[in-house]
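Residue numbers (this note's numbering), protein chains in the order written: chain A, 71 to 234; chain B, 71 to 234.
Any given hint could be a false lead.
Put simply, identical chains are the same to the list, so a pair is met inside one copy or across any two.
In silico DSS-like links for lysine-lysine, alpha-carbon gap of 27 Å or less [as the list claims (entries may be wrong)]:
| id | residue 1 | residue 2 |
| --- | --- | --- |
| 1 | Lys158 | Lys186 |
| 2 | Lys173 | Lys186 |
| 3 | Lys204 | Lys136 |
| 4 | Lys221 | Lys163 |
In case anyone wonders, no lab produced these hints; they're calculated from the structure.
Letter by letter, the chains look like this.
Protein chains: 2
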Amino acid sequence: MKCLVKLASVAIALTPFAVVASDPTPGTSHGIAYPIGWQNWSTIAVSHRTDNKTIRAVLGNDTAIKAARSGETNPWPDGAIIGKVVWKDTELKDWKTATAPGKFVHAEFMFKDSNKYSDTYNWGWARWVGLDQKPFQKGSQVCTTCHTPVKNRDWVFTDPASLP
Amino acid sequence: MKCLVKLASVAIALTPFAVVASDPTPGTSHGIAYPIGWQNWSTIAVSHRTDNKTIRAVLGNDTAIKAARSGETNPWPDGAIIGKVVWKDTELKDWKTATAPGKFVHAEFMFKDSNKYSDTYNWGWARWVGLDQKPFQKGSQVCTTCHTPVKNRDWVFTDPASLP
């Protein structure tokens, strides 16, 4: 019995460590540090894609939001980070002609720094995949190839949504 | 000339007032005060409707975000405000199978207060229409009628989107 009590004590003592250890900051993607707290950034826009059946929120850090609200987005200012949060597009049970976020796919980010990222069109490109936020490491060219149609828009697809 | 100078002075003196007067806080909707600053609230979810061709961001005040993140949403806590920002769904010029926000339609809100709004299912229902944020005054029943299919989900269609 004494032994059991001791084991229980050890388990309780370890719990705080276990909780912390199960939720570490994800590693870098393309050498870029994880932008902690992006889940609570403000909204720049939303989007919907029928080609890969996804629905997205486009968020920004404070610098990006300030630029979006003032229309200073071509170019976006250094320090801006734009985040695109992607979910599988899923039918809403209670409103059949609506869709909403299903499975979380990934969160991907563009980090504007015209000195640091001058080799990749003044943006750092990063992505963290799945709920475990596994760093994407397949190379920035995967991102820039897709973004080439908007190279004259500072490489950004998103127009900040009209807001009152 | 003296008269012209005087008129110019009056115009300059009036400018600050004119700027303020052109952007006042919108009036109440169904007696509910405008939730200043909602444009920078964090995201709960997004949605897309084919019936009325709109795309939406679902935002929350701090109380709503805390509830959404912790899964305490049936019922939502008193003090929670959920905002739905609605735009016309518009084809993205540079990615033909994507849509994004076009014309801003309205922003509508549910204010949870089980004492104040006990007559309308514990929520206050309000909407401000267009970029000039004209208060909607057609009655809460317009909102609650539409939300009846989710009366067992505390009258809320939205499931907080899955986030890492």
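Against the structure, the hints:
no.: 1; hint: Lys158 to Lys186; result: neither (33 Å within a copy, 38 Å between copies)
no.: 2; hint: Lys173 to Lys186; result: neither (34 Å within a copy, 36 Å between copies)
no.: 3; hint: Lys204 to Lys136; result: between (29 Å within a copy, 25 Å between copies)
no.: 4; hint: Lys221 to Lys163; result: between (39 Å within a copy, 14 Å between copies)
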